[in-house]
Amino acid sequence: MSLDTPSESTAAQAEGGTESIDRRKLRWRRRLNALRSWGSLLKEDRLGQIGLAILAFFILVGIFARPITVEIGPVWSQVQPFSLAPHGYTDRVATEGLHGPTWAHPFGTTDLGRDVLSQVIIGTRATLIVGTIAAFMAVFIGANVGIVSAYYGGWVDDVLMRITDIVYGVPFLPFAIALVFILGATLVNVIVAIVLILWRGTARVVRSQVLSHKQRPYVESARAIGASDFRIMYVQIMPNVLPLISLYAAFAVAWAVIAEASLSFLGLGPQGMISWGEIIYDVRSAGALREAWWWVFPPGIAIMLFVMSVFFIGRSLEKVVNPDLRHGK
Amino acid sequence: MGLREYVVRRILQLVLTLWALVTLLFVLFRMVPGDPTTRFVMEYPTDAERQARIEELGLNEPLYVQYLEYMGQLLRGEFGDSTHYREPVSQLIFPLFMNTVVLMFTALLIAYTIGILFGAAMGWLRGSRFERGGIVAVLMARSSPEFWVGIILVWLFVFQFGLFPRSGIGGYGGELTMNFVDRYVNFDFLRHLFLPALTGAIVYLATPALLMRNTMLEVLKADFVEMKKAEGLPERTVLYKHAARNSVLPLVTVAAIATGAAMGGSVIIETVFNWPGVGREMVASVSRNDYPVAMAAFLLMGTSVIVMNFVADLAYLYLDPRVKYE
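Chains E and X supply the protein sequences, listed in that same order. The numbering of the first sequence is our numbering, which starts it at 1 and goes up by one. The numbering of the second sequence is our numbering, which starts it at 1 and goes up by one.
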């Protein structure tokens, strides 16, 4: 990845501003190479491939679960007309509840006569939304805190790192429970509760990585030409820690999904949406754990598969970040 | 920076973090939308009685007075009275905390014992089918939220085989009145402990197993391993007596951090198995608006996290003399 020698960029820098197009090309080529090197690693990494395949499957299911309609005031248009889920998640499809799997309802029905398959399909959306948004926000905050902290050092570093230490002292789930309970169980609050804690890991790791990059010659030469702090941080250093950031993003998705599922399991999931954790909460509150295995197993297995796929992808990213882990078989 | 200065700084940081936690807690539970008095003081029939209670709790004072009052209370080790149980929180919460500690300690003990042995074997048999299968199994366990592992175990061991009790802690309903030894040292308690502890063990197994594998890979490159092999020692002896011992170091600090985190992570396991610990009590008291109990539970969990992080840092310092004090 862009872990290859930074001399390329220094050389390009030295040629001065006139060659800016070439420089941009060079930078893009480096990014492409980085992706390609991950691709070639993936070729030998069976787990990484499986992870990508499962994740792609869930993303497709999430998109096509129900038709998507965009509404702006009186104007609306249907962006996505397909519906994978045969029923809505609150539709009563059976007169009596709790039926085992049949051809009409492959995952059976709930105590209220709702179709479990449809609930699981639609529940993919909550997972995808919370997983991606929360992880992206957490990693965005964490990476910026880490870069700024390491780059400026001094009191900036002190303040930011003490704040990080404090966040490390807050127990994740209890905090999320308290916050979501107090502010109300909405999608936004669930995401906020997760993000407020999740950024801490990225911040620490990115900081230590940037600290070592700060000492390298390419940063010094950039500074000598008079590059601004902003430019050095985000154009020079950032691409070099990007593999690490993407690794932490993968893990952040996993933690965010587990946290959302756990909150939903406690009945504190986002209201007005069905999620996998919430389906299991429904099973428990209906007291149907003993008999209704068809109701509890599909959402549980879905959570496990989703998180597993992200971990598998994370492991293959780890090999990009840490070349020591690559070993010939 | 010398060793002493580092330790002093670290202690100051510990105090700062604790103060921040306490303040966060205050802000969090005063953020409740609407009039805080309606949340803290509910079922009082007349306005006068309600007013009296509000004044007794000091809720009519300005916020900073309440904050100082609250800090003073905590320093005296008081958490106020539970609005639900109508008794002092401190009497109520510590037995619950003990239950959590016993549960999580058992879970972590199992997780780290098995995890270390398993991880060492995975590192030793690098590239084998055993290693690949082991990694997938460990990641699979780590991908499952605690409640999912717990539900599978309940379904299997309780509903299918009927081997273990479904929930609770055993005893005669007077769970909180018995003395320490009577409560924890009996067969019935162990039967109740088995499933929740196993749940925790499965979920927490991944970290030591994967970490142990990685450090093993490093250690196995070292010359002394070749030496021991050349001496003709049995493979098992080299693995567990020499290589594994040298890989265990980094795990000590991780174990300390995990212990702290487990106190906060017990919420779900305790809810699934109805284990009377701080985690379940926190969820229950939050939903019945019993804020003094919720705050005390949160504070205990947070304090465990902070203290164990502190222990981890000091342990690291003690165990690895190469560490420079940042």
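Because the hints were derived from the structure by calculation, they are not lab data. Incorrect hints may appear among the rest.
Claimed, not checked - Straight-line distance between alpha carbons at most 25 Å, and here's what the computed SDA-like set of lysine to any residue pairs gives:
no.: 1; chain 1: E; residue 1: Lys25; chain 2: X; residue 2: Lys241
no.: 2; chain 1: E; residue 1: Lys319; chain 2: E; residue 2: Gln78
no.: 3; chain 1: X; residue 1: Lys241; chain 2: X; residue 2: Ala230
no.: 4; chain 1: X; residue 1: Lys221; chain 2: X; residue 2: Asn289
no.: 5; chain 1: E; residue 1: Lys43; chain 2: X; residue 2: Ala137
no.: 6; chain 1: E; residue 1: Lys214; chain 2: E; residue 2: Val192
no.: 7; chain 1: E; residue 1: Lys319; chain 2: X; residue 2: Ala230
no.: 8; chain 1: E; residue 1: Lys319; chain 2: X; residue 2: Gly127
no.: 9; chain 1: E; residue 1: Lys319; chain 2: X; residue 2: Lys241
no.: 10; chain 1: E; residue 1: Lys43; chain 2: X; residue 2: Ala230
no.: 11; chain 1: E; residue 1: Lys319; chain 2: X; residue 2: Leu153
Evaluation of the provided hints:
| no. | hint | result |
| --- | --- | --- |
| 1 | E/Lys25 x X/Lys241 | 55 Å, violated |
| 2 | E/Lys319 x E/Gln78 | 42 Å, violated |
| 3 | X/Lys241 x X/Ala230 | 15 Å, holds |
| 4 | X/Lys221 x X/Asn289 | 57 Å, violated |
| 5 | E/Lys43 x X/Ala137 | 22 Å, holds |
| 6 | E/Lys214 x E/Val192 | 32 Å, violated |
| 7 | E/Lys319 x X/Ala230 | 32 Å, violated |
| 8 | E/Lys319 x X/Gly127 | 15 Å, holds |
| 9 | E/Lys319 x X/Lys241 | 30 Å, violated |
| 10 | E/Lys43 x X/Ala230 | 38 Å, violated |
| 11 | E/Lys319 x X/Leu153 | 34 Å, violated |
Checked against the numbered hints above, the structure breaks hints 1, 2, 4, 6, 7, 9, 10, 11 and satisfies the rest.
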